[in-house]
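S.K.: Given chain A, work out where chains B, C and D should sit, using these hints.
Protein chains in written order, with the working numbering: chain A, 35 to 258; chain B, 35 to 258; chain C, 35 to 258; chain D, 35 to 258.
Treat the hints with care, as some may be off.
Just so you know, same-sequence chains aren't split out, so a pair can sit in one copy or run between any two.
Quick list of in silico lysine to any residue cross-link-like pairs, SDA-like style, CA-CA up to 20 Å [claimed, not checked]: (1) Lys165 with Glu88; (2) Lys40 with Gln163; (3) Lys228 with Thr200; (4) Lys58 with Asp125; (5) Lys61 with Asn156; (6) Lys160 with Ala121; (7) Lys89 with Ser164; (8) Lys228 with Asp149; (9) Lys228 with Ala148; (10) Lys214 with Asn183; (11) Lys93 with Leu251; (12) Lys161 with Asp117; (13) Lys228 with Leu197; (14) Lys58 with Glu85; (15) Lys222 with Ser141; (16) Lys160 with Phe112; (17) Lys84 with Leu257; (18) Lys228 with Arg199.
Hints were generated in silico from the structure; no laboratory data involved.
Protein chains: 4
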Amino acid sequence: MKNTLKFLSILFLSILMFSMKQDKPTKVIFFGDSITQAGIGPGGYITKMKEMLEKQGIKSKYQLIGAGIGGNKVYDLFLRIEDDVLAQNPDVVVIYIGVNDVWHKTSHGTGTDADKFTGFYNAIIKKLQSKGIKVICCTPAVIGERTDNSNAQDGDLNYYSGLIRTIASKYDCPLVDLRKEFISYNLKNNPQNKESGILTTDRVHLNDTGNQFVADLMMKAILK
Amino acid sequence: MKNTLKFLSILFLSILMFSMKQDKPTKVIFFGDSITQAGIGPGGYITKMKEMLEKQGIKSKYQLIGAGIGGNKVYDLFLRIEDDVLAQNPDVVVIYIGVNDVWHKTSHGTGTDADKFTGFYNAIIKKLQSKGIKVICCTPAVIGERTDNSNAQDGDLNYYSGLIRTIASKYDCPLVDLRKEFISYNLKNNPQNKESGILTTDRVHLNDTGNQFVADLMMKAILK
Amino acid sequence: MKNTLKFLSILFLSILMFSMKQDKPTKVIFFGDSITQAGIGPGGYITKMKEMLEKQGIKSKYQLIGAGIGGNKVYDLFLRIEDDVLAQNPDVVVIYIGVNDVWHKTSHGTGTDADKFTGFYNAIIKKLQSKGIKVICCTPAVIGERTDNSNAQDGDLNYYSGLIRTIASKYDCPLVDLRKEFISYNLKNNPQNKESGILTTDRVHLNDTGNQFVADLMMKAILK
Amino acid sequence: MKNTLKFLSILFLSILMFSMKQDKPTKVIFFGDSITQAGIGPGGYITKMKEMLEKQGIKSKYQLIGAGIGGNKVYDLFLRIEDDVLAQNPDVVVIYIGVNDVWHKTSHGTGTDADKFTGFYNAIIKKLQSKGIKVICCTPAVIGERTDNSNAQDGDLNYYSGLIRTIASKYDCPLVDLRKEFISYNLKNNPQNKESGILTTDRVHLNDTGNQFVADLMMKAILK
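Bound conformation, chain A alone (with noise of 0.2 Å):
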């Protein structure tokens, strides 16, 4: 008798931890810049991701935190992933970073070299896996979006994304290819070569289309 109950209290445990287990939704930070710190205002790709799942009637099966804080390069990313990430015990970790590390080279004279951008974007990913944390990496979008190869940063942004795409296949991470879906995007609806105004407010932020553009491909690469 007594040993009945025992097994059946453990057996309506384990029942219970593992509901709770499936009721527990999938922890995805977005860890970027300014891009991202917007991405959780009205509007942002964030937002827009949460009304996608509350839609699709699978909002309590994950949890979207958006980590962005504006002018963030790849080595900001290092020095606050303790607090700001590895603190939330997060499954998933999207990277979502680039853009100032090229562009800040001529607005500020303090971007990133190249070789130093693989070394913590590398350093990140092994930290993040190394507590068994999923990542997905994405590469930097557009710093104007011309489409004829002539905006400024067009070759250090390219040179950029293919570093990230070389760390995404070494690290075996998922990579949600923004600068190419971009350019494609723009290659069929910017005819008139404009340097704003398509996917952005200004050849960098997201406009609303640019938004939801994002907001697409990032729910694919997580519901993937």
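M.R.: For chains B, C and D alone, kept in the frame of chain A given last:
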């Protein structure tokens, strides 16, 4: 009798002047930076052009003069146009500038803003054309020979080349589109996506193949 | 009789011309950047100078003209010297340039190399002096008002100011040493080592005190 | 009897451990950039310090280790602190960084913003102090040896040196104020206002006098 003599004299003088004019070679000045400075050295593109003219037996018809100074940007050409070009009364001036205007932005913090690049370029052409000098424009070839648009300055070089194309068209100047030609050549001849060694020694300055390549293109423009 | 008339006519004309010459004001052009562009606005340093001349009752003796354009560097002055200065036949030109030549190195990657700064500055003075125009040079005042030599561009501003002092001396031009005067003023009036707010609004552009300070120094140089 | 034996054993072990501790040298790591990388070479400042310790007969009391890598900025130190410093269990770490953080702004477009310089510097000190390691800070000496505050980076170097002084004070770290010491030395020993050749070979890296000068200052700080 007197009239006949007068007539013959005039006829004779006319023939003499005509033949003198025939004998006077077309004076061509190559106005540029270190690439043109090296152009008059052994194996340089201007040296090669002289050899080509000799082989074709038309050496006496053209006087090729190099006026390149290392580190020059468009405004340096404007500053020295009187002394180094106009003082020599050329028939043709080939403007070959733009690499340092783009490159020095990150290497020295002293590149040239796009609007000012256009302003000085226009001013140079106006000054030359006002003296009846034929102007030939060139786009800047390369800063890095990678073929996947991932050389850091590719975007900016493309943009400044676009500015030059517009200017050349506006002022009705023949264009030697080195940027376009170098990219085409590299797409065929640089399968390993190397940074240099195809047409350049160091991503910018011409190797022997590069000097011959430029010499051929310049020759076509001048003989046209 | 005829001779007497002729003599009187000549005398009369001479007096007339002399008095006309007396009446013709000294035309002073201030040739510079955004600081000078703002100088002709309400409360600007040139506006203040005009008010000072009026108060002193010598308004008719000087015609003060602002020829400042925002973002200008030394080579921009050289490019527009014909249209904006020489076309107006000034008696005196005050060259007030240098802030952007230094500042834009890090803010835009398009500052001016020191040797080229000197080259263009010399060329401007030569062109003006060859027309008999009196040239007054100014050193660039400040980019940041901290008094402990810790404004990022202090070293470079000091260096370029040194270049201007040497040039002014070489071409025997009066010098308004704004750099030196601003530093002295701030050492007395900026005990809290503030970045701006003493003579500038934003580290560079003049507040009301700054405009008056510059007006006083310029006035001394012009009346001398 | 048993107790007496036990007592003697403990006494013996205590003496042994005490004498071992006495014998264990103080391990000092110099953590920096190319200046420190050269410091362990022939005539380098760390090499000189070792020789000085030997002459003073206290060679066995200190183990001096160079951990300098060319081109390093503050965030590079943070990235490699685990592997290159903490893994060696040092007693003292001398942080000697800052030249490239300032210099690379114009030479490569990849310097370090002031607020991020502070952020990483703080993080390094916290990490070291949390392990009980004594931290000694250094200000960056010079980029150019002119004595009239006209080296291009003087303002920025002064500013970053000020940041380090504040940090050192906040974390109660001894400070080797190389910036201040080099300026004092040059004011006395560089009457011709030369750019280099007094304490440096090339405006930045130490010549023999410079290495000795730094060795003397470092020695004082370590022996204190």
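S.K.: Could you tell me which of the numbered hints above are not met by this structure, giving the numbers in increasing order?
M.R.: When the structure is compared with the hints, numbers 1, 2, 5, 7 and 15 turn out to be violated.
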